[in-house]
Structure formats: structure tokens, C-alpha cells
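First to last, the sequence lines map onto chains A and B. Everything in the first sequence is counted per the working numbering, starting at 1 for the first residue and increasing by one. Everything in the second sequence is counted per the working numbering, starting at 1 for the first residue and increasing by one.
Hints listed in this document are in silico derivations from the structure and should not be mistaken for laboratory results. Glycine residues also receive a C-beta, built at the ideal position from the N, C-alpha and C atoms. Hints should not be assumed to be uniformly reliable.
[To be verified] Just some of the chain B residues that point at chain A, by a computed CB distance under 10 Å:
no., residue
1, Glu51
2, Arg87
3, Tyr100
4, Tyr101
5, Val103
6, Ser121
7, Asp122
8, Leu143
9, Glu148
10, Val247
11, Thr249
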Amino acid sequence: MNPRRVAADFGVFSRGYLRNPFGLFFSLIFPLILIGIFGLIYSNSAAPTITVYAENLDHQSNASVAFLAALNGTGAVTVQVIDPSVVGNFSQWLGQNGDPAGLVIPAGFGAAYANKTPLNVTVFVNPEDQLSSGVTEGSVQGVANAFNLRAAGGRPFIGVHANGLGSTLFNNIDYLIPGLIGFTIVTSPMFAMVEISSTYKKERLFRQLSLTPLTKGEWLLSKILFYIALTFVSAAMMIGFGTVVFHAHVTLNIAVLPFLFVGPLFFVSLGMLAGSVAKTPESAGVIGNIITFPMMFLSGTFFPVSSFSPALKTFAHILPLFYVIDGMNQVLLFGNLGRAAVDLAIVFVGASLLFVAAIVAFKWRDE
Amino acid sequence: MSDAIRVRGLVKRYGELAAVDGVDFSVPSGQVFAFLGPNGAGKTTTVEILEGLRRRTDGEVSVLGLDPWSQGRELHQQIGVIPQEFRFFEKTRPAEAIRYYGVLFGTHPDPTEMLARVKLSDKAEANFDTLSGGQKQKLGLALALVSEPKVLFLDEPTTGLDPSARRGIWEVIRNLRSEGRTVFLTTHYLEEAELLADQVAIIHHGKIIAEGTSSDIITAHGRPERLRVDGPPSLADYLRSNLQVPVTTDRGTLEIELRTPHDALRVLTAIEESGIPWKDFGTVHDTLEDVFIQMVGQMDEGEVAARRSP
């Protein structure tokens with residue numbers, strides 16, 4: 001391994017890369033655009049307000065009015081009282097209204113509360129909208145519990161102080177930044193290396209290089225170093241953009257650096273391996289997409305793995321990008337360096353094996 | 001003079017097909033050697049074996065005393081190669097490419113001087129993908145020279161180039177020879193081989209069918225010199241009956257074979273004595289291209305006939 005040859009190849013490759021506006025756009029600008037798009041989406045959902053339409057059939061008893069006021073006071077929902085004579089069939093009206101979170105307080109609610117006799121309020125939710133359904137049901141249940149406790153003469157002694165995991169309360173944008181750094185770690189090297197390895201083979205550039213003292217290992221190492229450098233620049237830009245524009249909370253920790261080294265090592269090697277086994281640039285592109293797309297969507301890049309079904313969760317755990325993103329989440333958000341170390345070890349072992357496999361699989365010259 | 005390249009009994013098989021089938025030749029140091037053959041004859045396979053890019057099936061090959069396959073890395077420090085249609089990194093510039101190769105080979109080439117040597121100075125800072133075909137080949141030549149090689153392999157270096165670009169490459173090849181380098185040249189252009197090469201070998205169906213200097217090959221395999229004169233068929237009949245010489249006719253042009261230097265005088269005298277009208281006479285020689293087409297054509301016709309016979 002000759003460092004001067006590696007440096008020379010790195011220089012030629014990086015200058016060529018910088019002169020290609022498409023490569024620069026997809027490596028550096030496109031992830032920022034994604035952060036911008038998702039940032040705008042998430043900033044609108046940062047304080048979700050769910051409107052609950054309430055039909056009070058208890059003729060405005062004090063207890064029913066107090067119940068609705070308490071529900072509105074939770075802050076999780078906004079109660080809008082509907083006149084029963086105007087809406088007619090309440091459930092049908094909710095469906096037509098297109099925003100079907102509703103509450104019916106039955107007649108006799110005040111009397112039942114005063115006499116401590118059982119009685120149900122009715123909640124209408126859209127089962128397809130799990131978030132608003134859960135918030136509505138939970139809020140109504142919480143207020144009902146408080147009323148029951150008060151009617152029974154008790155007083156609450158366990159309070160709840162809401163806080164997020166890690167050092168601060170996180171927004172969705174905070175989780176997106178490690179995910180999109182992972183996205184860049186996989187897409188830039190994978191697509192580029194698959195394309196390079198198959199095109200260089202077709203254009204006989206590998207044969208050209210084989211006639212020089214440059215070795216396969218030196219050539220591949222220079223590509224890995226280039227994509228590590230690109231990942232550093234891209235990660236810095238994403239963290240800066242997310243922090244400045246969307247006020248993302250990211251705890252900068254030196255422990256994230258190994259992921260920025262090992263991630264590109266893994267995916268440059270994987271891209272090289274995929275391109276080497278492909279017969280044509282077209283088939284290499286297909287192989288690259290087959291490998292890359294499931295990882296992009298099922299590793300926690302855009303959607304948290306915790307929201308997946310058990311089967312998808314299991315699948316996510318066999319995707320290498322999952323460990324890269326999970327590791328960066330542990331470092332950047334949760335400060336859980338122990339779990340990050342396990343993630344890093346998994347990626348490092350895989351990257352080392354892939355590097356060796358890529359060196360063996362790709363041929364400078366023909367038999 | 002020692003041999004820079006020595007090939008004995010070279011065989012390369014792809015399954016049942018013998019692309020190269022027992023080839024022998026040698027290339028003395030400091031000479032330009034042209035390796036000719038029709039498409040699919042085995043030229044490129046042979047060259048790639050010599051360059052160490054392809055493993056041979058059988059035979060002995062030595063380039064500068066080294067086995068190209070097993071000692072490829074050592075050999076590549078001493079040879080330069082320009083493949084057919086030289087390609088390079090699209091966004092790399094010629095001056096950068098020369099510096100890059102200089103680091104790879106551990107030499108310190110001056111890009112300005114190297115580019116001047118191949119007449120590409122005006123494109124030193126142009127991206128490779130903006131160069132014309134001839135300019136790309138010239139950059140290939142410049143890069144092949146970065147290691148100051150003793151042997152250069154040029155695989156159809158002028159294919160697809162315009163006449164001016166071709167002549168530019170020829171000039172560079174002549175300069176390489178004058179510097180004492182050995183040049184192994186494959187080409188489709190027989191004129192190119194005749195102009196540049198000290199030695200020529202013709203390969204067909206994986207076998208060498210002619211080898212030597214261009215004039216040796218023309219003498220051994222071509223037709224004798226001919227006198228060409230425009231005249232009617234009756235003139236051809238007159239010469240055949242009076243001189244007993246082979247005469248061929250083609251659309252009013254007669255070609256009379258000259259077996260000795262005196263035959264030209266005899267034929268001209270006979271033409272004048274015949275009283276038959278004639279005009280425009282001259283002598284014609286076979287070129288390397290004539291011989292090549294004749295030899296390859298005869299072999300192909302023989303094979304077709306052999307396949308047809310039961």
C-alpha cells in the first residue's frame with residue numbers, strides 16, 4: 001500500500017467529482033432539500049391540535065360544562081360544542097364533516113355525577129387516524145378519571161412531568177438528521193460505486209489502471225477516503241442547516257465520528273461488490289436499487305423503526321444501515337454510548353468483510 | 001540485437017475456439033513491429049497476452065525477459081500501452097492526468113513537455129470528455145510515455161481518426177522509434193504498417209500466415225510487377241500469342257506480368273509493332289494491402305470450398 005499513490009488517486013477522483021454538478025447536487029444539496037421538506041412538514045405538526053366536536057345532551061348542566069372545560073384544558077384537544085338541534089344525527093354529521101373526533105355527553109350526566117351512578121360518555125374517533133384517536137380517547141379517559149376521583153372524595157398524589165428521552169425534549173426533525181446522514185452514507189457511495197465499477201469495466205478503465213503500479217486495494221481505499229470526506233462535509237452541512245433553520249437539537253459528540261468512517265467503508269465496499277458481480281451497467285443499476293431502496297426506507301431514515309410491525313422490525317435489524325442510523329441516534333440524541341458501540345462493532349465487522357470480498361471480486365484484468 | 005518480445009507456440013482457447021493457435025514471432029529491440037489481421041483474427045487477444053492483461057492457455061511469451069502474466073507488475077513499469085479507443089476519467093484534464101501517472105509510476109514528468117511531445121499542448125486544461133478522438137489517443141500516448149517505457153503497445157491507435165490526426169500519431173511513432181523504443185503496432189491500415197514498420201506479421205484465424213519486412217512479404221506472396229496499358233482485347237491476344245506472357249484485361253486496361261527487367265522493353269516494343277491503338281502505360285506493384293487481401297481472401301475461399309466438399 002503506497003500512500004502517495006492513494007493520495008494521487010484521491011486527488012484525481014475528487015477533482016473529477018467536484019467538476020460534476022450532478023454528483024455534487026445529490027451528495028450535498030439533495031439531503032438539505034429533504035431536511036427542508038421534512039422540516040416544514042414537522043414544524044407544522046410540532047403542536048398538534050385535535051378538534052373534538054362535543055354534543056352536550058345534558059342541557060348544559062354544571063358538571064357537563066365543567067367536564068368539557070376540563071377536556072379543553074388538557075391542551076391536547078380543542079373542544080368545540082355543537083348544537084344538537086343543528087347537526088341532527090351526530091355520528092353521520094361527524095363523518096360528513098371529515099374531521100370525526102367527537103364526544104357525546106348523555107342526558108343525566110350531571111345527576112349521575114352528583115349521585116355517583118354509572119354512566120358512559122361516548123367518544124367517536126377515526127380508527128385510520130391512530131394519532132388523533134389515541135389522543136382523543138386518552139384525553140377523555142383522563143378527564144373522566146379525574147372526575148371519578150373527585151366524586152369519590154379522593155385527591156391525586158401521583159403527578160406526571162413530561163420529558164423526552166436524552167438530555168432534552170426532541171422534535172421529529174431531531175430524529176431526521178441522523179436518519180438523513182445515514183441516507184447520504186448509503187446513497188452516495190452505493191449508487192456511485194455500482195455505476196463506477198460497472199462503467200469502468202465496460203470502458204476498460206480498470207484494465208488501463210492495471211497497467212500502472214496502482215493496486216486494486218489502493219484504488220478502493222482512495223474511494224473510501226473520498227466518501228468519508230464527503231460524508232463529513234455532508235453531515236456538517238445537514239447538522240448546521242437543521243440546527244440553524246429548524247432549531248434541531250443535536251448533541252455533538254466525538255463518538256459519532258467512527259460512524260462517519262465505518263459507514264462509507266461499508267457502503268463503498270458493498271457498492272463495489274455489487275458492481276463487480278454485475279455483467280452490465282444496466283444490471284448493476286438494478287442490483288444497486290434492489291439493495292439500496294429497502295435500506296433507505298426500512299432502516300429508520302424517514303420513519304422510526306419503533307413504529308414498524310414486528311416482522312418489519314425484524315427485517316430492519318438485518319439491514320446494515322439500521323445499525324449506522326441507530327448508532328448515530330444513540331450518540332447524537334440519547335447519549336447511549338454503550339449501545340452505539342455495539343452498533344459500531346456490527347457495522348465495522350460487516351464493512352471489513354465486505355472490503356475483503358470487494359477486493360477479491362473485482363478484477364483488474366481478464367483470465 | 002536482442003529480442004524485446006519473444007513468442008513461441010502461443011495458444012489461447014475460449015472453450016473449443018482457438019483464438020490464437022500456435023503463434024511464433026520475435027520483435028527485435030528498437031524496431032517497429034506491425035501485427036496485422038482481419039477482425040477476429042486473434043490480434044487483440046495476442047496483444048493483450050503480451051501486455052499481461054490476459055492469461056494464455058499454452059506456449060511461451062517473454063517481453064523484456066519477463067512473463068507478462070506472472071510478472072505483470074514488474075513488466076508494467078517498463079512498457080506503455082495504448083488500447084483501442086483510449087478512455088480516461090471524464091472530468092480529468094490532460095496535465096492532471098500526466099501528473100497523476102507520474103506519481104503512480106514514481107517519475108516526475110513535465111506535463112508541458114509531455115503534451116508538446118504528442119502535440120496536445122493547447123488542450124492541457126480541457127476535460128477529457130471534451131477532447132476529440134485524436135486528442136484522446138494523443139493523451140493515451142503521452143500517458144504511455146510517462147514511465148519512459150522500453151516497449152510500447154499501440155492497439156489500432158489511429159482507428160477512427162481523420163487523416164490529419166493519423167499523420168500526427170505516425171509522427172509520434174517515428175519519433176519513438178528514433179528514441180530507440182520498441183513499438184508493437186496493431187492496425188487495420190496496411191498503408192500505416194507499410195510506412196512505419198520494420199517488420200510485419202499477418203495473423204489469420206489465430207495463425208501467422210506471413211512474416212518479414214513489407215517488401216519481403218510482397219515479394220514472397222504478391223504478384224510480379226506488371227505493365228499496365230489501355231488498349232482493346234485484340235492487343236491482349238496479340239501479346240499472348242507473340243510473347244507468351246500472362247495478360248489480364250479489365251474494362252479496357254491490360255496488365256502484362258513482367259518476369260524480368262527486360263520484359264518491359266520487349267512488351268513495349270511488341271505493343272508498338274502490333275499497330276493496334278493504345279495509350280497511357282505504366283508499371284504497377286502490389287502493395288502490402290493487395291497482398292493482405294489476396295492472402296486472406298484465398299484462405300477464406302479455401303475454407304468455404306473445403307466446407308462445401310463432402
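Now the hints, each set against the structure:
no. : hint   : in the structure
1   : Glu51  : 7 Å, holds
2   : Arg87  : 5 Å, holds
3   : Tyr100 : 5 Å, holds
4   : Tyr101 : 7 Å, holds
5   : Val103 : 4 Å, holds
6   : Ser121 : 21 Å, violated
7   : Asp122 : 20 Å, violated
8   : Leu143 : 9 Å, holds
9   : Glu148 : 14 Å, violated
10  : Val247 : 52 Å, violated
11  : Thr249 : 50 Å, violated
Checked against the numbered hints above, the structure breaks hints 6, 7, 9, 10 and 11 and satisfies the rest.
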